[in-house]
Amino acid sequence: MSLLIKFEQRVSVRSVSRLLALGLVALFLFPVLAGLGSIMLPAFGYMPVLGFDTFSLSSWQMLLETPALIEMLLLSLWTSVSSTLLSLSLAFGVIGCTWGSPLWQKVQRWLAPLMAVPHVALAFGVMFVLMPSGLLARLIAVFAGWRFPPDWQTIQDQYGISLILILIIKETPFLLFMMAASVVQLPVADTLKLGGSLGYQPAVIWLKLIWPRLYPMIRLSVYTVLAFAISVVDVALVIGPANHPTFAVQIFQWINDPDLSKSLLAASGSVLLLLLVASVIGAFHLTEWTMNRRLRHWLINGHRGRFSSLWLSFSRKAWQGLVMLFLSGGAALLIWSFVWRWRFPSLWPDWSLRSWQRAWEGISEPIVNSLLIGVTATLVANIISVILLELNDLQRQNRESAGKWLPLLTRGAMYIPLLLPQMTFLFGVQLLLLQWGAEGHWLTVTGLHLLFVLPYCFLSLSGPWQHYDQRHSLQGLLLSGSWLKTFLQVKLGILWRPVMASLALGFAVSIAQYLPTLFASAGRVETVTTEAVSLVSGGNRRLIGVYGLVQMLLPFIAYAMAFFLSYWTIRRGRFARRLNS
Amino acid sequence: MSLILDQIDITLNGQKLLDNICCCVDDGEVLSVLGPSGCGKSSLLNLICGTLPNSFGYSGQVILDGVVLNHLPPCKRQVGLQFQDHLLFPHMTVGENLAFALPAHYRKSQRRERAEQALADCGMSGFFELNPAMLSGGQKARISLMRTLLSEPKALLLDEPFSKLDATLRSSFRHFVFQQIQSRSIPALMVTHDEQDIPDKGLLLKL
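The listed protein sequences derive, respectively, from chains A and B. Position in the first sequence counted from 1, then plus 878, gives you my numbering. Position in the second sequence counted from 1, then plus 38, gives you my numbering.
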């Protein structure tokens, strides 16, 4: 009888946990799918709020008649595909030339700060370096004897080169991070030894033996980079082409147009953007499939490689250049925030605290809002991530079929908001919020931030959770007899560092959000990022310097706190253990 | 085509792992290196392969076929390596694994032919298109060895090649390995910690 009761208890715990996991995933996906659904009606002319209550294709006709539509679409395509491919090659080159060396440790140390910096702050920093009167031009002017800034379009250029550069600087560390997390699952050291003993040069070993196994592990991350690059707005507003902007920026301008009929055009444009993302990802996938079939002979043609070292040293140099540009961008923000007057070609400005004094009154509220939203979204995201990971573990331990499909489903769901163009479903969510009268509250903004913070927290924690040795928990359970005690003291104790890192990452992701804040806040909740982007039109470099620097510093503080907190806790733990012994 | 280890010392953090190792392995001969874990067996293999980590120090010379290998990169040493894990590449078929090792001068049709021949040599004809995951432990071991030999190495290094095989497979694969070494007439160095693996004729280095 008692066996039967135990069996029933176990079955009910399993089904409840499965339902809970599915419920959380459904809750997470609801706004995304609702947003997508609600954009479809206005895309076909139906928007009763604005008085459009009949279905029509007129907005599509208007869209197709938009001047320079093809140019804008091509620009989006060019900037996204080239930046993704270059980031991918660079990340692969960097891992290939540094893996196993002390430099690889250094590269990994740089990943967190590089990833933590919000895109917009980075764009401002690089803009201050590359613009015709920027740091680089001033340095060249010393040798070239320039008295005026050169007449070069180094930022907001019509080909989107500066936009591509920013995307590369931002996405390479992310791809490297994903590669670093995946490569540990491959026998890289032995493969390199074996390949070397068969006469292959290291770069060819990476290309022919490691890459075909590594790429499938990071494929979804590559697609998220691609989707992000096609639909990015904030960075493109700062540094992208102004005349014939990228298509996402054009949609953004339609949304903000005082002429409300442009909303229909924006809705159709958002659907077109979604189709563009889907087709580009589809084309990528098709290319991979074709290459996989066509390159079989290349894989086994026996060529051991000739220019291997050239590629590796190029990657190394490119990485160093990228880090240099990142650092000089940060330095440029710092300098401009304290500038009073800085005439070209002078290398040394006149300093002043005036910009900080002027900005301080306006920036305190955005900082408080950013902190409130960031901390709340991060805490909630991490709690949900841990619950989902624990529920997945529970299913896996029971060796049921759900143990296989549930983690896959959860992981897949997490990628959905990252794979869809933000503009498309967020515009839909905004329309829904308008109907429900729920916009303009910090909780609504936090909810939308959660859509992007949660996936990053979940993905960053899922690796450590998977590698956690369950025997520790079993041992803890046998010793303490309490599941909660075991979870808090043993499992969380062991995984404390990744949890802290995930908290910092979540906060950094929240700070960087532009569109979610804008669409959910109705202009009533200002964050550092929305304020920083709005300064672009004013062109006040000193204020941009202040806001960019604050935006850059907030995630750094979070990372520093996470680092010290995990270091301190571990030290405290060691100290306590020593006392106990 | 002999493999000569000339006054080899290997140190780690100032401590000597190997001290003054001198020996000469002739063609078709097997030098068995026997010793407990941590005595420096694998470090010796890594030194010969050119993959000894920088944290290790060494002196002495490794000479193969009259050429000093010390400063050559691993890919130029022409030293074949056989792991205990076999390491068949999972993204290639069994035949592609073999063809991968062939030197570049073989044309497409020749590559297929040579790989098919190697499969026949190890009693696995018809396995060309098979996924390596479908092979048994013994089959994997044979394919892995044939792959190493197809790269036409001038010496063969075996890193505990039989340790992951069960007793029956172990003895047949051992016989197969020593037969291949003799028929191809190349020097071989085998690291093991099981005395049963040592061939009847051959050199023995106890560490």
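No lab work stands behind these hints, which were simulated from the structure alone. Values in this document were obtained by computation on a predicted structure and should not be read as measured data. A portion of the hints provided could be inaccurate.
[What the hints assert, rightly or not] Residues on chain A that point at chain B, a partial pick, calculated with CB under 10 Å:
1. Pro-980
2. Gln-1079
3. Arg-1174
4. Asn-1179
Ideal Cβ placement from N, Cα and C applies to all residues, glycine included.
Taking the hints in turn, this is what the structure says about them:
1. Pro-980: holds (9 Å)
2. Gln-1079: Holds, because the Cβ-Cβ distance from Gln-1079/A to chain B comes to roughly 5 Å (cut-off 10 Å).
3. Arg-1174: holds (7 Å)
4. Asn-1179: holds (7 Å)
Checked against the numbered hints above, the structure breaks none of them.
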